[in-house]
Amino acid sequence: MTSDAINLTRVTKIFGGAKPVRALDNVDLSIGKGQFAAIVGPSGCGKSTILNLVAGFEKPTSGEVRVDGKPVRAPGPDRAVVFQEAALFPWLSVWENTVFSARARGQPKSAYEDKARQFLARVGLADFHEHLPTQLSGGMKQRVGIARTLVMEPHLFLMDEPFGALDAQTRIDMQELLLSVWDELRRTVVFITHDVDEAILLADVVFVMSARPGRIRSRVPVELPRPRSIDLITDPAFVALKRDIFNQIRHEAQAVRVAAN
Amino acid sequence: MTAADGAVEIERGAGARFGARFGGSALVVLVPLALLCLWEAAGAAGLLPTGLIPTPTMVIRAWYVWTFGPDTGGFNAYSGTWTDVVANSAQRVVVGYILAVLLAVPIGILVGWSNLVAKLVDPTLQSLRPIPITAWLPFSIALFGIKDYGAIFLICLGAFYPILINATHGARSLDQNLHRAALMMGASSRTILFRVVLPNALPAIFAGMRIGAGIAWSAVIVAELVAVKSGLGYVLWDAYYIGRMDVVVADMASIGMFGFLTDCLLIALQKRLVRWRSVA
Numbered sequence: 001m002t003s004d005a006i007n008l009t010r011v012t013k014i015f016g017g018a019k020p021v022r023a024l025d026n027v028d029l030s031i032g033k034g035q036f037a038a039i040v041g042p043s044g045c046g047k048s049t050i051l052n053l054v055a056g057f058e059k060p061t062s063g064e065v066r067v068d069g070k071p072v073r074a075p076g077p078d079r080a081v082v083f084q085e086a087a088l089f090p091w092l093s094v095w096e097n098t099v100f101s102a103r104a105r106g107q108p109k110s111a112y113e114d115k116a117r118q119f120l121a122r123v124g125l126a127d128f129h130e131h132l133p134t135q136l137s138g139g140m141k142q143r144v145g146i147a148r149t150l151v152m153e154p155h156l157f158l159m160d161e162p163f164g165a166l167d168a169q170t171r172i173d174m175q176e177l178l179l180s181v182w183d184e185l186r187r188t189v190v191f192i193t194h195d196v197d198e199a200i201l202l203a204d205v206v207f208v209m210s211a212r213p214g215r216i217r218s219r220v221p222v223e224l225p226r227p228r229s230i231d232l233i234t235d236p237a238f239v240a241l242k243r244d245i246f247n248q249i250r251h252e253a254q255a256v257r258v259a260a261n
Numbered sequence: 262m263t264a265a266d267g268a269v270e271i272e273r274g275a276g277a278r279f280g281a282r283f284g285g286s287a288l289v290v291l292v293p294l295a296l297l298c299l300w301e302a303a304g305a306a307g308l309l310p311t312g313l314i315p316t317p318t319m320v321i322r323a324w325y326v327w328t329f330g331p332d333t334g335g336f337n338a339y340s341g342t343w344t345d346v347v348a349n350s351a352q353r354v355v356v357g358y359i360l361a362v363l364l365a366v367p368i369g370i371l372v373g374w375s376n377l378v379a380k381l382v383d384p385t386l387q388s389l390r391p392i393p394i395t396a397w398l399p400f401s402i403a404l405f406g407i408k409d410y411g412a413i414f415l416i417c418l419g420a421f422y423p424i425l426i427n428a429t430h431g432a433r434s435l436d437q438n439l440h441r442a443a444l445m446m447g448a449s450s451r452t453i454l455f456r457v458v459l460p461n462a463l464p465a466i467f468a469g470m471r472i473g474a475g476i477a478w479s480a481v482i483v484a485e486l487v488a489v490k491s492g493l494g495y496v497l498w499d500a501y502y503i504g505r506m507d508v509v510v511a512d513m514a515s516i517g518m519f520g521f522l523t524d525c526l527l528i529a530l531q532k533r534l535v536r537w538r539s540v541a
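Residue numbers (the numbering used here), protein chains in the order written: chain A, 1 to 261; chain B, 262 to 541.
So here's chain A without its partners, still in its complex pose:
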């Protein structure tokens, strides 16, 4: 299917070493263009490995990873990544971090300055251009992490538990920010999280993964109307979805415990 943004075909990933770990086992996954997909699952299930394969940071042991129909060979600016710990360059200011990709690719100032200013304002950092990352809170760092990917105007956003390290209130702020930005852009997003609420709130489709070896256990469409807000989490439809996904994850966790015994 060429209309898919992302296609994983029978992807297996084994991390070598003294005790090889089978992180992913025969995973088939496709995510449509413009879709917001969340991947949830117990920790250590290989969620992040999927993202790293799509980003091109890792190579599959077998199988194939395609983005827009083309096999992934290396990381590139068509696939922007938001990291859990923001991964900003500590020696660069907020502004310099935001325009890093444009400068690294030798774009002229006129091509990125307005855009960068606009996106920094969009994430609430208009007054923080000259700040260094060490002077920012966790939430603000992640806003820069998001702003710099927006400036890249990628085909694809890959987000690896971006709000996992934030406190509850900041997390909600960031989720609402992401919802409203996504409503404007409607780009393909792969969002890794272990927070089921977060997955349902943000995504069009939630993939539930099984524990090691990682497999896609089920695909749960989230047919809740947009634009969404945090109030949605008390909605009966939301709660029903949550119960369904929770049961699947609990089942997985139990299966792991039984296997361990």
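Treat each hint with caution, since some may be false.
What the hints assert, rightly or not - No more than 35 Å apart at the CA atoms, straight line, and that leaves these computed lysine-lysine pairs for DSBU-like:
#1 Lys109/A - Lys242/A
#2 Lys59/A - Lys19/A
#3 Lys59/A - Lys70/A
#4 Lys109/A - Lys532/B
#5 Lys19/A - Lys380/B
#6 Lys70/A - Lys109/A
#7 Lys109/A - Lys33/A
#8 Lys59/A - Lys115/A
#9 Lys380/B - Lys59/A
#10 Lys70/A - Lys19/A
#11 Lys380/B - Lys115/A
#12 Lys33/A - Lys59/A
Read the hints as simulated data drawn from the structure, not as lab findings.
Got chain A sorted already, so can you dock chain B onto it with the hints?
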């Protein structure tokens, strides 16, 4: 939104805090002053071996004459010659040290960054490293004769290794996610090397440069004791031979002073270049 609320206050008071703790109070000079007084008193009481160990006032007097006294045209080597002596040593240190920085930083970064370069040059570098600079003395005299080059060679060699090792460590300590972030933003290998690996290694490079500067001053003294006929190291031995212990101590103090000043200079430079580290 609440972005502004989360801003961490900029710590501009680092210098002020330092001042309050050390410079502001008289505490910092208390112990050195007490030691000097004790030394002086011991001299006055006749407890020091006469003619061998000078008192602080004798040292200061000798130092004053050495610095500001009339140039007697070689009649008294320790009158008005201090500036020239210092210039000789400092020149060697500066040339040898800058050479060491220019060699060690790029090589260290490349060894840390590229497995290929590491395989090519690391064994050679590591097998030469355990040879102390003092052991290189005869070799360097044989190679360069009693000339400046021998001293510069030793200084460069001595400062080279700490800078090299720290630069290598700095390049290797790049966080995997920072590297990945640069890759996903489309940075070329060249851009990554100059805009990511190098700035990331800068604090480590400065740590190495500070250690290297200390070794450079040791190296110049060692070289001048043996291989060169001028400079602070040469005067140290020369003054000892003619029994001018006051000059010897003044010379020691001069060496210490310049070592300290070099370190201050490097700290100031580091504060300018690695602003992002000191802010935290």
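Quick rundown of the hints versus the structure:
1. Lys109/A - Lys242/A: 46 Å, violated
2. Lys59/A - Lys19/A: 19 Å, holds
3. Lys59/A - Lys70/A: 14 Å, holds
4. Lys109/A - Lys532/B: 29 Å, holds
5. Lys19/A - Lys380/B: The hint holds at about 27 Å.
6. Lys70/A - Lys109/A: 31 Å, holds
7. Lys109/A - Lys33/A: 30 Å, holds
8. Lys59/A - Lys115/A: 33 Å, holds
9. Lys380/B - Lys59/A: 25 Å, holds
10. Lys70/A - Lys19/A: Holds, because 33 Å separates the two Cα atoms, which is no more than 35 Å.
11. Lys380/B - Lys115/A: Violated, at about 44 Å.
12. Lys33/A - Lys59/A: Judged against 35 Å, a Cα distance of about 23 Å means the pair holds.
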